[in-house]
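4 protein chains.
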Amino acid sequence: MAVRVGVLGATGAVGQRLIQLLDPHPKFELAALTASDSSAGKTYRQAAKWRVDSPIPADVAEMTVQATEPDAIPNDIDLLFSSLPSSVGAAVEPGFCEAGYVVSSNSSNGRMDDDVPLVIPEINAEHLDLLEVQRDERGWDGALIKNPNCSTITFVPTLAALTEFGLEKVHVSTLQAVSGAGYDGVSSMEIIDNAIPYIGSEEDKLETESRKLLGEFDGASLTHNDVAVSASCNRIPTIDGHLENVWVETEAELDAAAAAEAMEAFPSLDLHSSPDPLIHVFDEPDRPQPRMDRTVGGGMAIAAGGMQETPFGLQYNCLAHNTIRGAAGASVLNGELLAENGYL
Amino acid sequence: MAVRVGVLGATGAVGQRLIQLLDPHPKFELAALTASDSSAGKTYRQAAKWRVDSPIPADVAEMTVQATEPDAIPNDIDLLFSSLPSSVGAAVEPGFCEAGYVVSSNSSNGRMDDDVPLVIPEINAEHLDLLEVQRDERGWDGALIKNPNCSTITFVPTLAALTEFGLEKVHVSTLQAVSGAGYDGVSSMEIIDNAIPYIGSEEDKLETESRKLLGEFDGASLTHNDVAVSASCNRIPTIDGHLENVWVETEAELDAAAAAEAMEAFPSLDLHSSPDPLIHVFDEPDRPQPRMDRTVGGGMAIAAGGMQETPFGLQYNCLAHNTIRGAAGASVLNGELLAENGYL
Amino acid sequence: MAVRVGVLGATGAVGQRLIQLLDPHPKFELAALTASDSSAGKTYRQAAKWRVDSPIPADVAEMTVQATEPDAIPNDIDLLFSSLPSSVGAAVEPGFCEAGYVVSSNSSNGRMDDDVPLVIPEINAEHLDLLEVQRDERGWDGALIKNPNCSTITFVPTLAALTEFGLEKVHVSTLQAVSGAGYDGVSSMEIIDNAIPYIGSEEDKLETESRKLLGEFDGASLTHNDVAVSASCNRIPTIDGHLENVWVETEAELDAAAAAEAMEAFPSLDLHSSPDPLIHVFDEPDRPQPRMDRTVGGGMAIAAGGMQETPFGLQYNCLAHNTIRGAAGASVLNGELLAENGYL
Amino acid sequence: MAVRVGVLGATGAVGQRLIQLLDPHPKFELAALTASDSSAGKTYRQAAKWRVDSPIPADVAEMTVQATEPDAIPNDIDLLFSSLPSSVGAAVEPGFCEAGYVVSSNSSNGRMDDDVPLVIPEINAEHLDLLEVQRDERGWDGALIKNPNCSTITFVPTLAALTEFGLEKVHVSTLQAVSGAGYDGVSSMEIIDNAIPYIGSEEDKLETESRKLLGEFDGASLTHNDVAVSASCNRIPTIDGHLENVWVETEAELDAAAAAEAMEAFPSLDLHSSPDPLIHVFDEPDRPQPRMDRTVGGGMAIAAGGMQETPFGLQYNCLAHNTIRGAAGASVLNGELLAENGYL
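Chains as they are written, first to last, in the working numbering: chain A, 35 to 378; chain B, 35 to 378; chain C, 35 to 378; chain D, 35 to 378.
What the hints contain is simulated information worked out from the structure, not anything from laboratory work. Errors might be hidden in some of the hints.
Because identical chains share one entry, a pair is satisfied inside a single copy or across any pair of copies.
[What the hints assert, rightly or not] List time: in silico DMTMM-like cross-link candidates among lysine to aspartate or glutamate, alpha-carbon distance up to 25 Å:
hint : residue 1 : residue 2
1    : Lys76     : Asp93
2    : Lys76     : Asp57
3    : Lys83     : Asp218
4    : Lys83     : Glu298
5    : Lys203    : Glu285
6    : Lys61     : Asp149
7    : Lys76     : Glu295
8    : Lys239    : Glu250
9    : Lys203    : Asp289
All values reported here derive from a predicted model rather than from experimental measurement.
Assemble the whole structure, with the sequences as input and the hints as a guide.
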């Protein structure tokens, strides 16, 4: 009865996290792994430079890695998780969908396409039905669903908890971990005793993805939320966990206590990977902190704290584990939502 | 002809930087060092756990440390630099001023007092004459001048360069180095692979000191600037150099090029420690960075970059060396201003 | 049927790890917590600055902290774990033993005393019976057992696995994590982008404790092993996990394969906290690494690798989690050994 | 009268340090820069991702980068510094020498060749005359001289200072900075909160290069020293500065004071880049430390400390700046020696 799943791009940093999460998963059974042509034919142990801090699962280690092509993987796979580089994702994901596969993708390509649902299940599960539009338009048997960028996932749940107050303006400054750039993304000479106030195209992702996630789907098309977001992104010397400073201005008055209460009360979902509570609110003003709090809720919760009123609305901080909630876990959770809603 | 100077609180992190800057200074001659009673009577080498990355100057090493009391230091000292803990500063600085000493202090006590000039020479040298008011009111022969907090000094020069556009609102997020908290201020277990989104009372300093610095002195009293500032402060694992993300909203239209031009054109002063240019503007979007750029202008310049227009005004980043321009060098420069203006 | 246990010095870094390990322990029930007088009377949540990366256990958080005195804790406690500073340990541990308590202590005081068993259960469980000698000599109803220093625990199991080859000389260079010095032991300004080639009295601990651990107990007295050990200790910027480079010269010929085999085959014990295998041997030459491998065996295993023959005997590397296997877990395991052997 | 010099491989990490050192050099005039074909024709500013913490020299920034071929550079160049990757060095350095250029190379290729002098001027300047043998054998008008590996340079001067005691055995454990692996050599995900107990082929370099450096040249051939060296190499999270723990066993008795005295008394040379003293000996047992002491002697001195007697001979620690004394500065100093000895 288990859903048979595969991972496209299984050897990279997010691919490794996917395997760490899928191996013990109660409903998903890992049945296919793909990577670049140079890895095809090797065992996973040979192909992957395993970097996750738990041992490589013994059975996965001996699986044979396939090329990233629809013909290379078994027909009876119900669901594919994709953590391909975005250029590769753009080139090959549509082919898998056309061949009938349902793909839950973490890759950034196509996220802003009108007929591609960009989903955080606890926030906008109803956008999933955009897949009907997608299948109509593209003539696919399969389907393509995306999760947002790691830095977007970190702050959007806290905004969603405040929508009742009428979101108007958001300033967000990020302090992002090096794992967000992939295994070789940031050299040690760049970041030890340093910070980099720029991450290419990251600011645009926070600004546009957040509006799509908080948008309204009327069954036919999606209207983006009109909250104005301005982001400034920084890389700092942390391994995992993106920390964000947020200022939010709202139509209705919003004080610190009301914001904390709204976040704590924001509901999680009855899906295996959705933590309860979704948003963990700290009382201590110096929390959340990346190393201390990135694993709250098994790495799937959002940590928040430091709410205070300012002349420009409410200021607070939030944090999420960027390769779990912000990437691999986000794709897995979308897979669970697809299964729950009969899309497999 | 040299000005004979002393350092109050000479053994701490800022005290050591003061000595590093004063020892080769062409106009100041180091003639007295004080510390806590437990250090009094020791040589400086014995009393200080020297941590600056250049050797302790040989002559200073053998100076005898005195107690931090007016009676303990020579009468012929013209100028005292103070890097005392603020509670100690509040208790003893007035006594030195009453005893006739002119004190250029980095300690946070008294910075916001109406009759205490809070000065960055290139920004508001004209506030120095508030000392006349101070002497009148307090009956001192000496005088007390303050430099701002390190995180305030980092962004205020960039704002000063933009005043012609009419400053309205400023959001600032800081990524601050551990040296800002003093030698034992941040434990390694707190900060390795981590960030802390809270620095006690730091946000208030950015918000209030900036308005005083940018205020108008009419010869009798000081009117604070009415720009609204909201700060969010973070500690990150860097040794030196505070990096800040700034959004500024102005009355007049302000584009990225105009902002860069205004900053580059902002004048420095003809004082020994004032760098030219005062603000170094980078073209590369990923600069300034703490480790790469904190020593620009000998650690006395402000580095800026990343100007971009947003829906909420201009966004940019700035950086300064927090223990040089942000502390010891700021006090030394104020000392040079005092000498230049006949206050010694 | 659970053993009721207490923790002396419960608020420090090792004390927190003890609580993290004892709270879910199947055989031990946490019934008392002590700390310094200033903490006595507070709840544990109030008294401890909790720094472990899992939440403070809810029931422990509300326990009342007692003063560290025999009269302050319940009579029905069967076993006390001590993580007191060594000067405090020296002053108060004997009083608890005299009052009838069995104390499993991580503090360094008394470790080298002739009648105090210094024990790593998998290595020298038979030394436990030195407690008979201790009780005879000291007239105690209670008992005092010690575990070694964290850096000693890291390499001694690998030496024990090689004793059959006849240990002669050992050179060991350590790369130690900051948590080994306690929460405030190493300031961030000391260690970011740095290493410190000196840890006070640490080298002596490796050199002398290892000989006692590998010694022979004949039922009446203990003869230390005569292997000659020379250590050089360094602090590096890692949070947890001590890495050590070892050269060992043996009477019998010892090649890399034989060493790896002997380590892998070294038996663990049938105690709750003893991992199987005790020594995890890596094939990859670049392992073990602190961040990747410190949690092998739940933080209770020793990781080893890099065996190679040199002109001076065998060279290899080993690693252990310094606050789990090297401190809190070591004390807990000694407690399990005491329970198993009827000493409670 | 200045010597016109060029840099082969000018865009890499060591190439940038070469430029930083050569630009202000009183005797060398930088006249040619080469890099890979993809950089040829660009200005140096365009071709190099400048990473040194002082600005790129203005005149160098506008120089045109050439291909790394003898025909591509001016004929009037007297001396070439090479910081090419070793595989490229092996392929192209001989061609330059054949074309008449004298090459002072930091690349590892050919270092152990019988007719290639491997030189640290203060240690074995007399090996330079091996160039006569080289020219005879190879028929070159030019010449090829090498400096050793960065980790070798760090400890060999301290051994050289102790040769009078009769070197027998050396154990050395290294704690090496990430810059030693080049700009992209160590990813941040590998090294933050971590250490890596393996650096490919590094141990062999310390063991063999040290014996060649300390060898005897009789005018015709070189006899390597027969001291036995065993090295264990580690990468740690420091930017610059290799720290090494050394145990040395000698024929004659050697105590800590005599070792310190011999090191302090070891002579430097009358060359521009040779610091005086060559070896800076610290009294404090916790020095040298990478961040504090890597710039002693302008980054060209060796720092040493922590001398203590052990059962296995003397133990001490030493440190050098790996990209200055250990690479770029080493090549420049060899260039000065070549000029001084009439080889240009």
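Outcome of the hint check:
no., hint, verdict
1, Lys76 <-> Asp93, "within (14 Å within a copy, 50 Å between copies)"
2, Lys76 <-> Asp57, "within (19 Å within a copy, 44 Å between copies)"
3, Lys83 <-> Asp218, "both (12 Å within a copy, 17 Å between copies)"
4, Lys83 <-> Glu298, "between (39 Å within a copy, 24 Å between copies)"
5, Lys203 <-> Glu285, "both (10 Å within a copy, 18 Å between copies)"
6, Lys61 <-> Asp149, "neither (28 Å within a copy, 57 Å between copies)"
7, Lys76 <-> Glu295, "neither (51 Å within a copy, 28 Å between copies)"
8, Lys239 <-> Glu250, "within (19 Å within a copy, 42 Å between copies)"
9, Lys203 <-> Asp289, "both (16 Å within a copy, 20 Å between copies)"
Comparing the model with each numbered hint stated earlier shows that hints 6, 7 do not hold.
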